[in-house]
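Chemist: Sequence:
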Amino acid sequence: MAEAERVIGTPDTPEAGSEPEQSSGPGEQESTGARPRGKRRIAVLFAVATFAYVLDLVSKMIVVAKLEHHAPIEIVGDWLKFEAIRNAGAAFGMGEAFTIIFTVIAAAVIVVIARLARKLYSLPWAIALGLLLGGALGNLTDRIFRAPGVFEGAVVDFIAPKHFAVFNLADSAIVCGGILIVLLSFKGLDPDGTVHKD
1 MAEAERVIGT
11 PDTPEAGSEP
21 EQSSGPGEQE
31 STGARPRGKR
41 RIAVLFAVAT
51 FAYVLDLVSK
61 MIVVAKLEHH
71 APIEIVGDWL
81 KFEAIRNAGA
91 AFGMGEAFTI
101 IFTVIAAAVI
111 VVIARLARKL
121 YSLPWAIALG
131 LLLGGALGNL
141 TDRIFRAPGV
151 FEGAVVDFIA
161 PKHFAVFNLA
171 DSAIVCGGIL
181 IVLLSFKGLD
191 PDGTVHKD
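Anchor point for the sequence shown: position 174 equals 174 in full-length UniProt numbering, and the numbering is continuous, going up by one each time.
Don't take each hint at face value.
Once the Cα atoms are required to be at most 20 Å apart in a straight line, the calculated SDA-like pairs of lysine to any residue come out as [what the hints assert, rightly or not]:
| # | residue 1 | residue 2 |
| --- | --- | --- |
| 1 | Lys66 | Lys39 |
| 2 | Lys162 | Ala47 |
| 3 | Lys81 | Lys197 |
| 4 | Lys197 | Tyr121 |
| 5 | Lys162 | Ser172 |
Simulated from the structure, these hints should not be mistaken for lab results.
Please read these numbers as outputs of a predicted model, since none were measured by experiment.
When you get a sec, could you build the whole thing from the sequences and use the hints?
Modeler: If you want it as structure tokens, here you go:
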């Protein structure tokens with residue numbers, strides 16, 4: 001009779017020594033499943049890359065048409081000039097004997113960035129990788145389509161500060177993207193939006 005009263009009148013209580021069942025709330029479901037990281041930033045990456053690439057391409061077209069084979073244009077006295085040169089080396093005129101190698105490296109950078117884009121959720125990383133991608137594409141276009149030949153083309157440089165190497169906007173985008181990546185790495189921010197403290 002007591003057993004019948006317990007069943008009808010009260011809910012079942014756990015027996016001594018048994019563990020109560022834990023209900024999984026929304027917070028626990030997030031910890032066991034994939035943590036939402038917001039939306040992917042692929043569109044931002046390609047928008048930044050496109051902007052950097054088009055800006056570099058247009059500037060080089062203007063330089064070749066208006067400045068090449070002409071006297072340099074002084075922008076800030078002799079401290080900053082626009083002077084068209086053809087550079088067969090890497091950024092800032094380094095390594096002219098390794099044009100093909102630099103072309104391969106630029107192509108490899110583009111492939112790596114394209115692979116990273118699949119797990120890109122961080123806006124700062126999207127901007128940094130977009131700058132790298134746009135700069136690499138800008139100089140790679142010169143390597144492929146400019147003289148003296150395919151994959152050996154000389155890059156058009158025209159920004160000439162005093163006591164410094166001549167460079168172009170693609171070089172600037174690559175350097176800015178690289179600096180931003182270093183800063184993000186020091187802060188512990190990963191491309192997928194997570195933050196690590198090690």
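Chemist: What are the numbers of the hints the structure violates, in ascending order?
Modeler: Violated hints: 1, 2, 3; rest satisfied.
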